[in-house]
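Chains as they are written, first to last, in full-length UniProt numbering: chain A, 1 to 97; chain B, 1 to 560.
To be clear, the hints were calculated from the coordinates, so they are not data collected in a lab.
Just so you know, even glycine gets a beta-carbon here, dropped at the ideal spot from N, CA and C.
Worth double-checking, as some hints may not be accurate.
[Said to hold, decoys possible] No farther apart than 27 Å at their CA atoms in a straight line, the calculated lysine-lysine pairs in the DSS-like style are these:
1) B:K89 with A:K69
2) B:K208 with A:K65
3) B:K208 with B:K89
[Said to hold, decoys possible] What follows is a set of in silico ranges between Cβ atoms, one per label pair, in the way DEER data are often shown:
4) A:G25 with B:I291: 55 to 63 Å
5) A:D88 with B:T64: 36 to 44 Å
6) A:D57 with B:S528: 34 to 42 Å
7) A:L38 with B:E479: 28 to 36 Å
8) A:C39 with B:F105: 33 to 41 Å
9) A:L93 with B:E170: 46 to 54 Å
10) A:I60 with B:Q113: 40 to 48 Å
11) B:D311 with A:I37: 40 to 48 Å
12) B:F112 with A:D57: 54 to 62 Å
13) B:L46 with A:R41: 44 to 52 Å
14) A:I37 with B:E341: 23 to 31 Å
15) B:K336 with A:L38: 52 to 60 Å
16) A:N44 with B:A176: 51 to 59 Å
17) A:I60 with B:N204: 48 to 56 Å
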Amino acid sequence: MTKTEHVIMELTVNNHPGVMYNITGLFARRAFNLEGILCGRAENTNTSKMYLLIKNDNRIDQTIKQLEKLYDVLSVSICSDCDVRVFDNISKLIKLK
Amino acid sequence: MKCNGAEIVIKLLEEQDIQKLAGIPGGCNLPLYNALSKSRKIQHILARHEQGAGFIAQGMARTTGKAAVCFATSGPGVTNLLTAIADAKLDSIPIVAITGQIPSFLLGTDAFQEVDTFGLAIPITKHNFYVSSAKDLFHIIPEAFRVAEEGRPGPVIVDIPKDVQLEELEIDNWPAHVTKSDSNLLKNNSIDINDIKKIAQMINESKKPLLYIGGGILHSNSSNYLREFAKKSNIPVASTLMGLGCFPSDDKLSLGMLGMHGAPYTNLILRETDLLIAFGVRFDDRATGNISEFCPKASIIHVDIDPAELDKNKLTKFSVAADIQIVLKELIPLIKEDGREEWSKEVATIKKSNPLPVTDYYNFYQPINLIRQIGSLLTPDTIITTDVGQHQMWVAQAYPFQHPRTLLTSGGLGTMGFGLPVAIGAALANPSKKVVCISGDGSILMNIQELATLADHNLNITVIVINNGGLGMVRQLQELFFDENYIATKFECKPDFTSIAKSFGLKGYDLKDDKNPSNTLKRILSESGPCVINIPVDSKEMVMPIVPPGAGNHEMIGSE
């Protein structure tokens with residue numbers, strides 16, 4: 001997993017049941033690539049932060065535009081200072097089990 | 001004052017100026033119907049199938065441009081509605097569907113008539129709301145209308161559990177009616193004048209510009225500006241199925257419909273343009289054919305209100321996400337008046353030598369000829385709805401559309417059964433206009449129960465069944481691409497549509513073996529009130545030309 005191969009997309013979303021369904025559904029039905037998801041509630045807000053590990057291919061612009069159209073997605077950006085290795089640690093965790 | 005959730009919904013719908021809504025009651029939306037019975041402002045239209053209700057709402061929305069409403073109960077009510085919702089999504093039609101849900105405390109128990117409306121709705125709506133308490137309705141209902149109508153329109157589902165419909169609130173002050181937020185409109189409508197200048201420059205420098213227009217012109221109500229724009233600089237106009245009517249078909253700049261069943265000259269002229277001006281279109285595969293062969297000599301300018309459509313299927317030279325109407329208004333003064341003699345001459349030459357396949361003008365029952373005759377007998381403000389299949393393409397090729405919103409057809413999803421209920425919705429929203437549903441004997445059977453709704457309201461709708469005894473479009477594909485191996489495309493039972501109409505209490509006519517079918521048709525079309533006309537055509541008739549799947553638009557079959 002190298003940095004050039006993948007990017008991390010940072011999403012701010014409304015925190016309510018069904019948001020995850022909305023986002024993963026979009027990736028599935030548009031055949032966008034999705035390698036990993038990290039999600040957590042932002043403190044003292046009604047929003048959550050979502051980090052998506054995505055292959056750095058030519059569909060990224062279209063992926064961002066489609067995500068921005070979702071009602072519960074408040075912002076989308078490519079995270080430049082996120083450490084891709086956090087996802088490596090997750091895969092280690094999964095392997096351990 | 002005390003109000004329950006259902007009463008709040010009805011009052012909020014009244015505030016949205018909803019006067020008619022279609023639906024079917026059931027166990028889980030009974031409180032909504034109970035509240036609706038007390039409304040003096042909203043008339044309920046009882047459909048006979050929830051899909052019919054969804055399409056009736058579409059008929060209202062497609063002709064007015066405003067979000068229309070339908071009701072369905074939980075479970076099968078919802079699943080029946082889904083096709084009409086998905087259809088609205090693909091064609092960007094604003095509708096608000098309000099569905100009953102089982103009581104929230106039973107949710108997830110596989111209760112009677114429970115279905116995951118939220119999950120089912122996600123991929124086929126613009127957005128959907130689950131209402132978990134009655135007080136949320138004050139926000140959600142106006143928000144549903146805003147989402148449905150704003151930007152690129154689309155369908156919204158509001159799912160309300162029965163206990164929320166019954167939940168009583170003590171309301172001291174009814175919240176003020178929130179008008180549609182101007183801030184969002186501004187956001188969508190602000191355009192950079194430098195972008196407009198750049199577009200104008202590209203057009204002014206182009207030798208062979210061509211307009212490729214679609215549903216976006218319709219939704220932004222900009223067909224008048226489009227005409228002014230095209231005329232000023234003599235730019236020919238090719239339209240998608242959704243855009244038909246936005247530009248007068250008898251204008252010399254009109255190239256009709258492009259793509260899979262476009263006229264030969266339309267697709268050939270597209271090959272010659274050096275600048276494709278794509279306004280309110282999405283480069284759909286039925287319009288472009290093999291996308292890599294689409295307009296090979298052209299730079300592309302793309303304007304659409306949905307940023308996700310820009311550079312989605314085809315890379316453009318320049319693109320802007322904006323409301324077409326605003327772009328056209330700014331653009332018109334900046335483009336030069338130009339006769340474009342050379343380009344006009346080339347277009348005229350290609351047009352003349354590559355017409356739609358010649359038809360037997362004297363044969364009443366020849367489909368293209370038949371559509372032209374129907375067109376000549378109706379006024380330009382008549383609203384035409386179609387179903388899906390050969391008759392739909394014959395209408396698209398040959399009907400002389402003059403005005404926007406006079407063709408209502410299922411473009412993106414291609415839903416058979418669309419025509420009749422959409423005609424009912426159109427007639428309800430346009431009581432002074434005549435509505436003609438042109439259907440086929442395959443399609444009409446897919447929502448024929450709505451003849452009952454038509455009879456209930458005695459609307460001015462003529463249903464024309466172009467009857468070839470089977471599934472003609474599929475038969476055509478089997479003939480051309482599956483070695484004439486016909487399967488499941490010929491009907492054994494051929495119902496008598498005249499008798500069917502009469503059994504619903506409507507007038508029915510059959511032009512089979514009529515000695516003077518032209519005169520009979522003229523007489524029937526001059527009458528008002530609901531009726532069904534059966535017109536037999538040869539089952540071997542095909543829609544020509546056709547671009548084979550995967551081929552470039554210039555590689556059409558049957559263009560001679």
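Original post:
If you check each hint against the structure, which ones fail?
Top reply: 2, 3, 4, 5, 6, 7, 8, 11, 12, 14, 16 and 17
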